[in-house]
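> So the chains spell out like this:
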Amino acid sequence: MALLEIKNLTVSFDTSSGPFMAVKGIDLSIEPREVLAIVGESGSGKSVSMLAVMGLLPPSATVKADRMSFNGKDLLALDPAERRKIIGKDISMIFQEPIASLNPCFTVGYQIEEVLRVHMGMDKVQRRARAVELLTLVGIPEPTERLNSFPHQMSGGQCQRVMIAMAIACNPKLLIADEPTTALDVTIQKQILDLLMKLQAEHGMGLIMITHNMGVVAETADRVVVQYKGTKMEEADVLSLFENPKSNYTRALLAALPDNATGDRLPTVSDMLFEPAVSGAAS
Amino acid sequence: MTVVVEGKNIKRDYHVGGGMFRPARTVHAVKGVSFSVEKGKTLAIVGESGCGKSTLARIITLIDAPSAGELFIDGKKVDIAKDGLSKEMRRKVQIVFQNPYGSLNPRQKIGDILGEPLVINTDVPASERRDRAMAMLKKVGLGPEHYNRYPHMFSGGQRQRIAIARALMLNPSLLVLDEPVSALDLSVQAQVLNLLADLQDEFQLTYVFISHDLSVVRYIADDVMVMYFGEAVEYGSRDEVFANPQHSYTKTLFAATPRADVDSIKARLARKKAA
Amino acid sequence: MTDQTAGETTAATVPSGPKQRAFAEFWHYYSMNTGAVIGLVVFTLLVLVALFAPLVAPHLPDEQFRDSLLTPPAWQEGGKSMFILGTDAVGRDILSRLIFGARYSLFIGLIVVVFALSSGIVLGVLAGYFRGWVDALIMRVMDIILAFPSLLLALVLVAILGPGLFNAMLAIALVLQPHFARLTRAAVMAEKNREYVVSAKVAGASHLRMMLVTILPNCVAPLIVQATMSFSNAILEAAALGFLGMGAQPPTPEWGTMLASAREFILRAPWVVTFPGLAILITVLAINLIGDGLRDALDPKLKRS
Numbered sequence: 187m188a189l190l191e192i193k194n195l196t197v198s199f200d201t202s203s204g205p206f207m208a209v210k211g212i213d214l215s216i217e218p219r220e221v222l223a224i225v226g227e228s229g230s231g232k233s234v235s236m237l238a239v240m241g242l243l244p245p246s247a248t249v250k251a252d253r254m255s256f257n258g259k260d261l262l263a264l265d266p267a268e269r270r271k272i273i274g275k276d277i278s279m280i281f282q283e284p285i286a287s288l289n290p291c292f293t294v295g296y297q298i299e300e301v302l303r304v305h306m307g308m309d310k311v312q313r314r315a316r317a318v319e320l321l322t323l324v325g326i327p328e329p330t331e332r333l334n335s336f337p338h339q340m341s342g343g344q345c346q347r348v349m350i351a352m353a354i355a356c357n358p359k360l361l362i363a364d365e366p367t368t369a370l371d372v373t374i375q376k377q378i379l380d381l382l383m384k385l386q387a388e389h390g391m392g393l394i395m396i397t398h399n400m401g402v403v404a405e406t407a408d409r410v411v412v413q414y415k416g417t418k419m420e421e422a423d424v425l426s427l428f429e430n431p432k433s434n435y436t437r438a439l440l441a442a443l444p445d446n447a448t449g450d451r452l453p454t455v456s457d458m459l460f461e462p463a464v465s466g467a468a469s
Numbered sequence: 011m012t013v014v015v016e017g018k019n020i021k022r023d024y025h026v027g028g029g030m031f032r033p034a035r036t037v038h039a040v041k042g043v044s045f046s047v048e049k050g051k052t053l054a055i056v057g058e059s060g061c062g063k064s065t066l067a068r069i070i071t072l073i074d075a076p077s078a079g080e081l082f083i084d085g086k087k088v089d090i091a092k093d094g095l096s097k098e099m100r101r102k103v104q105i106v107f108q109n110p111y112g113s114l115n116p117r118q119k120i121g122d123i124l125g126e127p128l129v130i131n132t133d134v135p136a137s138e139r140r141d142r143a144m145a146m147l148k149k150v151g152l153g154p155e156h157y158n159r160y161p162h163m164f165s166g167g168q169r170q171r172i173a174i175a176r177a178l179m180l181n182p183s184l185l186v187l188d189e190p191v192s193a194l195d196l197s198v199q200a201q202v203l204n205l206l207a208d209l210q211d212e213f214q215l216t217y218v219f220i221s222h223d224l225s226v227v228r229y230i231a232d233d234v235m236v237m238y239f240g241e242a243v244e245y246g247s248r249d250e251v252f253a254n255p256q257h258s259y260t261k262t263l264f265a266a267t268p269r270a271d272v273d274s275i276k277a278r279l280a281r282k283k284a285a
Numbered sequence: 019m020t021d022q023t024a025g026e027t028t029a030a031t032v033p034s035g036p037k038q039r040a041f042a043e044f045w046h047y048y049s050m051n052t053g054a055v056i057g058l059v060v061f062t063l064l065v066l067v068a069l070f071a072p073l074v075a076p077h078l079p080d081e082q083f084r085d086s087l088l089t090p091p092a093w094q095e096g097g098k099s100m101f102i103l104g105t106d107a108v109g110r111d112i113l114s115r116l117i118f119g120a121r122y123s124l125f126i127g128l129i130v131v132v133f134a135l136s137s138g139i140v141l142g143v144l145a146g147y148f149r150g151w152v153d154a155l156i157m158r159v160m161d162i163i164l165a166f167p168s169l170l171l172a173l174v175l176v177a178i179l180g181p182g183l184f185n186a187m188l189a190i191a192l193v194l195q196p197h198f199a200r201l202t203r204a205a206v207m208a209e210k211n212r213e214y215v216v217s218a219k220v221a222g223a224s225h226l227r228m229m230l231v232t233i234l235p236n237c238v239a240p241l242i243v244q245a246t247m248s249f250s251n252a253i254l255e256a257a258a259l260g261f262l263g264m265g266a267q268p269p270t271p272e273w274g275t276m277l278a279s280a281r282e283f284i285l286r287a288p289w290v291v292t293f294p295g296l297a298i299l300i301t302v303l304a305i306n307l308i309g310d311g312l313r314d315a316l317d318p319k320l321k322r323s
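Here the protein sequences come in this chain order: Z, C and P.
Mapping to the numbering used here: the first sequence position 110 is 296, numbers consecutive.
Mapping to the numbering used here: the second sequence position 7 is 17, numbers consecutive.
Mapping to the numbering used here: the third sequence position 36 is 54, numbers consecutive.
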């Protein structure tokens, strides 16, 4: 049985110029212990669809789906209180800006323990012990001392490790990582990706990687969904996607990678795409 | 070949002010970097955040003065701390920034943004400014209909084209590109890189290309300099550096860069199966 | 991300000029605030009344009707239909005085805001742009002005300059001006490090050009909001000074002065005090509502750009 299953998800936003469709009927599913990458450029709706699953969209958003179930439970039918029990415990999420995702007013330890208190109901001693264990798990040196640090005293990479520690604190069945390494340097990106893959394998989590970086996809994913302007363009396992992309859009994206440059100039997406880019000549 | 820009042992120190409880200290952002770029060539400066590459970019663009060392533009020594900056020198070096959303004045129309360098530096009459701006818009792949619009009406890639157009209005010989494509989507990135290559061919432009993205650097650069904590740990032609990196940091950087080719995916999947 | 795409689609679908589009967007946000729209309507009416005072007012403001002193409003017992809001102690029609008084109040508000805004902007831009000792000097002086209770300081200034409407306006402008200076300075400091300012510098712009042409237009939104709020503040303080006998001098039909000269009749003829008070209240409330609406309309714009 699929861990998360979404059928025909649409999300629209009310804007000053009328409704704007960010996600237009997307089907998605992820199996337990699977790494699914959702790839797309800005405006593809890749983050919005996952935020809709988490129930984190602003009130101006309208979410509709034929089916949205997690572990057999229908998320749409749950009342908000029951849904909150799942969100943050069985499904958790990490974001692009690690430093902005942590509350600057509280210590790292307090924030991790807060998660444990709310979802696991542990007592004080247990919480402290578990927090130290988690920080050790995500590879932060001197975890006991680090618990008393404030976010601004840590680097971006370390903050992202703390975010990961908080996300896996309740042993979630599914972790959604929204551009987890985009704000980080390459060497730090490598460490964080390695950490995520290690944790995913050890804990048997499902992992959804939202990214625009083809390199990250190639290094992490089992299966890939390619999105463009709120529509799913292609779904394939990672090897066949890179070896033999089916949709024109995927082919164009891969060709636009400077790594794959063959001639003097790079082929661009609008050269190869079935429809012209939005407002005429340029992107 | 003529050398357009040359730096000799350039250093830049920042004095971080001593507060009531802290003594003042000095941060060495750039620790003695030398380089030279020939006309029509591209030097890429690679490094991670805090390595001093943006500080160096500001020095080359004649925004900040170096603390020590000499900078030559078109063979002439420039020292803005001592002699100030002549209009002629100002025209020779221009810059394009990373963030296409912050680098255009939101209250100026595109036409005014492009015309501004001419207003300030030349006596060109308004009608000719307009013509030149229109021509430049066309060069960077936009149209005359964009002349009267405001920046917020454009996408990131279009704004970066406008920023490039503005930088070229004064016919500079050197263009400093500070992460010009890192904020852009992959497909747009390819278009902007192509545009930069086209413009380089047409105007014989010299580029100093600051980036953290090795795949972009490998595509666009002639020479590569790798910076690490303010020092140039590796400097050589692109092929040398990529084929045979000398410094351990360069090797780490290469190893960390994710690879999007079929062979490495196969290798990874095989490893995963074995584990 | 979604913002950006939304922007793209609107840019593509609405081809009208950028000015109209900007105004349409402004109005969209402004009109969501019902109070602000009511405030705008009231304020517009007030401005029209002030402009056409001689046509609207039933009598001259200084005309004394000796045979009807302290007449109550028309709907009360003993009221006369020719004096809708009654008359004061020397037989002047209160409605006419209020209508002509609106001219003074709006004039005071306008002049004070123009003085305070222009001097505040100059000082704030200088402080925010140059920092260092210029900043320290200007901002410490502003802090000293802010440290006084504003009405007290205005009183002291008027005492030095001599009572009168113009001096009162100067004093109020001086008291309100530090708010503009602080606000401008903060906005300039935030904008100064944006890349478009560095770009202007690389284009060779002089300090003056960067301050006035590049940076300042991007700081106007918070200043507009502050200016509306100060407008009502100025009216209020001018009325207070008038009430204390330090502002406009009788027989000027300024609302605060009217209040002051009606003090002794507060029990016998409450309408003499009530209506000027209500006029001040309604005007200030309307302008503050407008200010709120402007904040709603202009601030999200700031965040998005």
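These are calculated hints, taken from the structure and not from any lab test.
No residue lacks a Cβ here, since even glycine has one placed at the ideal position from N, Cα and C.
Wrong hints could be hidden among the right ones.
Said to hold, decoys possible - Computed Cβ-Cβ distance ranges for the label pairs, DEER-style:
#1 C:282 <-> Z:204: 45 to 51 Å
#2 C:136 <-> Z:205: 28 to 34 Å
#3 C:13 <-> P:210: 31 to 37 Å
#4 C:36 <-> P:150: 15 to 21 Å
#5 Z:204 <-> C:36: 54 to 60 Å
#6 C:37 <-> Z:446: 37 to 43 Å
What the hints assert, rightly or not - Computed cross-link-like contacts, DSS-like style, restricted to lysine-lysine with a CA-CA straight-line distance of at most 30 Å:
#7 C:283 <-> Z:376
#8 C:282 <-> Z:432
#9 Z:359 <-> C:276
#10 C:41 <-> Z:376
#11 P:37 <-> C:97
#12 C:97 <-> P:219
#13 Z:359 <-> C:282
#14 P:210 <-> C:21
#15 Z:415 <-> P:37
#16 C:119 <-> Z:432
#17 P:37 <-> C:86
As the list claims (entries may be wrong) - Partial list, computed: chain C residues near chain Z (C-beta under 8 Å):
#18 195
#19 247
#20 276
> Compare the structure with each hint and give your call.
Hint check:
The beta-carbon spacing between residue 282 (chain C) and residue 204 (chain Z), approximately 47 Å, falls within the hinted interval of 45 to 51 Å. The supplied range of 28 to 34 Å is broken by residue 136 (chain C) and residue 205 (chain Z), whose beta-carbon atoms lie about 43 Å from each other. Between residue 13 (chain C) and residue 210 (chain P) the beta carbon distance is about 35 Å. The supplied range of 31 to 37 Å therefore holds. A hinted range of 15 to 21 Å holds for the C-beta pair residue 36 (chain C) and residue 150 (chain P), which are about 20 Å apart.
Taken as a hint, the range 54 to 60 Å holds for the pair residue 204 (chain Z) and residue 36 (chain C), whose Cβ atoms sit roughly 56 Å apart. Taken as a hint, the range 37 to 43 Å holds for the pair residue 37 (chain C) and residue 446 (chain Z), whose Cβ atoms sit roughly 40 Å apart. For the given pair, residue 283 (chain C) sits about 21 Å from residue 376 (chain Z) by alpha-carbon distance, which is consistent with the 30 Å threshold. At most 30 Å may separate the alpha-carbon atoms for a hinted pair to count; residue 282 (chain C) and residue 432 (chain Z) meet this at roughly 25 Å.
Taken as a hint, the residue 359 (chain Z) and residue 276 (chain C) pair is honoured in the structure, with Cα atoms around 27 Å apart against an allowance of 30 Å. For the proposed pair residue 41 (chain C) and residue 376 (chain Z), the alpha carbon gap of about 27 Å is at most 30 Å, so the pair holds. Restraint check for residue 37 (chain P) and residue 97 (chain C): not satisfied, since their Cα atoms lie roughly 35 Å apart, outside the 30 Å limit. Among the hinted pairs, residue 97 (chain C) with residue 219 (chain P) is consistent with the structure: their alpha-carbon atoms are about 12 Å apart, no more than 30 Å.
Distance check on the hinted pair: residue 359 (chain Z) and residue 282 (chain C) sit about 20 Å apart at the alpha-carbon level, within 30 Å; holds. Annotation: proposed proximity of residue 210 (chain P) to residue 21 (chain C) holds, straight-line Cα distance about 25 Å (limit 30 Å). As the CA atoms of residue 415 (chain Z) and residue 37 (chain P) are separated by approximately 29 Å, the hinted pair is consistent with the 30 Å bound. For the hint linking residue 119 (chain C) to residue 432 (chain Z), the alpha-carbon distance of about 42 Å lies beyond 30 Å, and the restraint is violated.
Note on residue 37 (chain P) and residue 86 (chain C): the hinted pairing is violated, with a Cα-Cα distance of about 46 Å set against a maximum of 30 Å. Hint status for residue 195 (chain C): holds, given a least beta-carbon distance of 4 Å to chain Z, under 8 Å. For residue 247 (chain C), the shortest C-beta to C-beta distance to chain Z is roughly 18 Å, which exceeds 8 Å, and the interface hint is violated. Against a cut-off of 8 Å between C-beta atoms, the interface hint on residue 276 (chain C) holds, since the closest Cβ of chain Z lies about 7 Å away.
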